[in-house]
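Chains A and B, in that order, give the protein sequences. Reading the first sequence from the start, the letters are residues 873 to 1273 in the numbering used here. Reading the second sequence from the start, the letters are residues 873 to 1273 in the numbering used here.
Among the hints, erroneous ones may be present.
The list cannot tell twin chains apart, which means a pair is met if one copy fits it or any two copies do.
Cross-link-like lysine to aspartate or glutamate pairs, in silico, DMTMM-like; alpha carbons within 25 Å at most [what the hints assert, rightly or not]:
id, residue 1, residue 2
1, 1147, 1137
2, 1019, 1270
3, 1147, 1234
4, 1019, 1222
5, 1147, 1052
Hints listed in this document are in silico derivations from the structure and should not be mistaken for laboratory results.
2 protein chains.
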Amino acid sequence: MISVEEARRRILEGLSATPAETVPLAMGWNRILARPVRSRVTQPPADVSAMDGYAVRAAEALEGARLTVIGVAPAGHPFAGTVGPGEAVRIFTGAFVPPGADAILLQEDAAAGDGQVRVTETVRPGRWIRARGLDFATGEELLPAGKRLTARDIGLAAAANHAWLAVHRAPRIGILATGDEIALPGDPIPEGGIVSSNAHALAALVRASGGDPLVLPIAPDDREAIAAAAVAARACDMLVTTGGASVGDHDLVQAALGPQGFALDFWQIAMRPGKPLIWGRLGATPVLGLPGNPVSAMVCAVLFLIPAIARLSGLPGEPPRTIRALAGAPLAANDRRFDHLRATLATGADGQPVATPFPQQDSSMLKVLSRAEGLILRAPLAPALPAGAAVEVIPLGDLGI
Amino acid sequence: MISVEEARRRILEGLSATPAETVPLAMGWNRILARPVRSRVTQPPADVSAMDGYAVRAAEALEGARLTVIGVAPAGHPFAGTVGPGEAVRIFTGAFVPPGADAILLQEDAAAGDGQVRVTETVRPGRWIRARGLDFATGEELLPAGKRLTARDIGLAAAANHAWLAVHRAPRIGILATGDEIALPGDPIPEGGIVSSNAHALAALVRASGGDPLVLPIAPDDREAIAAAAVAARACDMLVTTGGASVGDHDLVQAALGPQGFALDFWQIAMRPGKPLIWGRLGATPVLGLPGNPVSAMVCAVLFLIPAIARLSGLPGEPPRTIRALAGAPLAANDRRFDHLRATLATGADGQPVATPFPQQDSSMLKVLSRAEGLILRAPLAPALPAGAAVEVIPLGDLGI
């Protein structure tokens, strides 16, 4: 058995980013940039007015002065002439400041009438003018390769005149649930069987993490069926299986894939829930074999699959973010396996988060998993802790899963 | 001018949830449930084995005992008989426990051979059996209406045998950018013009918030063009405009919509950036008029549009979540407008977050907005603060925008 850290390191080092594809700007949100975005324009393209008012020569725009309004400059319609002595141009936010003017008289500080404007508050040189290039200049790198694009980044790329973006292709993750006992929701349930949940939860997790899930038909506990489905998934950037990863006679994933050339890296991790986890490669396709218990499958997906999808997407693939919280109940001493306790998160009297484990931690309990707001981390051989002690927690809401 | 809180209250009270639609389970992730999910099955459907081993009668499974293996029970293939005195059944994780047996002997605690199994560690009654209904029972409400569905919830709904879900329709948000000076990325830029960024950033923000953006063609600064585009957007659950919301002669949204029956609620908020914000109704369609400055538009979208989309989606529509941080630089005293300073977020020496405002806070600067990790909240008339003082911050990464 290897440690959680060692397992994640070995998984990540076996993965590299998908190639780039061109997508329309409007489809770029939440994708990972494959090439930097450099500005194709200077913004603003000239000195522009930051307010509605009058473009003036500051030296003469003293309180009480009267100026002749010689024209108007709305945004997008530059005034063609020059502001000479004793003159002003009516101007609006975003409009180019006409030559000759060096400040904006706010309309609140002006009294207009009869083609003239009277200054009611003295203007300082340069006031309310946004200088050319204040935001960015042509050729400047605005967004680096490897950045996950926010809505604000999309706005910035638009302003920099990009209609297209080069992003990493969303990793296609094949998902293969195995087992004679499972049926799709709504389908007839075999005697002694249950409804399949892992593939659907994992597909949603893949989507939440920026991947493109490909849910394969359920494979029965039969070596040839598993091998056929796995071969069909070679077009994926990664194949994820659930079930069949344990040590029983009916745990078939390794046995089925071996004759197909499966190269095993490791298959046991010192953790709970989720000790039996397969990692290897089928030809060029990385294969992650998750346990069949739904809670084990999801906890392993949080620890290993989400970072793996990030790495495939062009990000480094960090461990899940943790927060410091106070234990809401006493915690027993831990054994040699890294434990992940399903817990609620609340805000304590002093504003600190309080993580309280559910009394039942059985790895089959989906209802508890659905209600959990975090996973309390318990390192191997961690001592017993009283209520109120500090613990590290993975907040699940963060991950959108 | 009204306060930020009052503006949000008036926006939210004018909105209600979209009607329900039926979607396949696989499309339910991140949607808001319109009807509760009740279980259609009991899980597990019978007492099942939690491990691989042997189903035994605990009273006789004492260390050293030998039992006759009378059959096998893989998951999905229940053993047809009964476990009698001196007997055991080979069993695998998830398989129904056969009648007569009341505990599981772990395979690690057993030595098998010649059709028999020898007990190497005494078994306790009930050990390694998951009782029928441990997770949930038929008819139980598992997921309430109004819940945003996580990947784990999708797994739970699947296990409860739901192939379809009733969720609120994703709110369709029309987005209308106005202005003679703006051009689409890649299109010819008019003299004195710039590239349009707001509509694209807002469309991404709408998508990040669970809405369905409908980006309308840019409307020039012309009353009839704006009126026509607005009328075309009546099919939307909300129309969002950008630009034309200020007090200049060229701020046309109110003037253009008035003759179409626009009922104004308010149009100025005591905040920065983003004082001019229109809220009203065009027939049955709520209209949110955002400022044209890109930073103002995005900050107003964080404060008002994201909660509005949440309310339309079937959620209450809360203010953005804030965190407590330490100011990374001294902050000047504030005036009467609620301020939102673009800031970086870092982790300080003691593990607390530190929010440092960018030196330039001009509302035209998209590059600064893109690099900001949070908005420092400065209430009206807030006093000057030294570096290290506690401040409230909206973390932007949280919002996926």
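Quiz item: Checked against the structure, which of the hints given earlier come out wrong?
Solution: Number 4 only.
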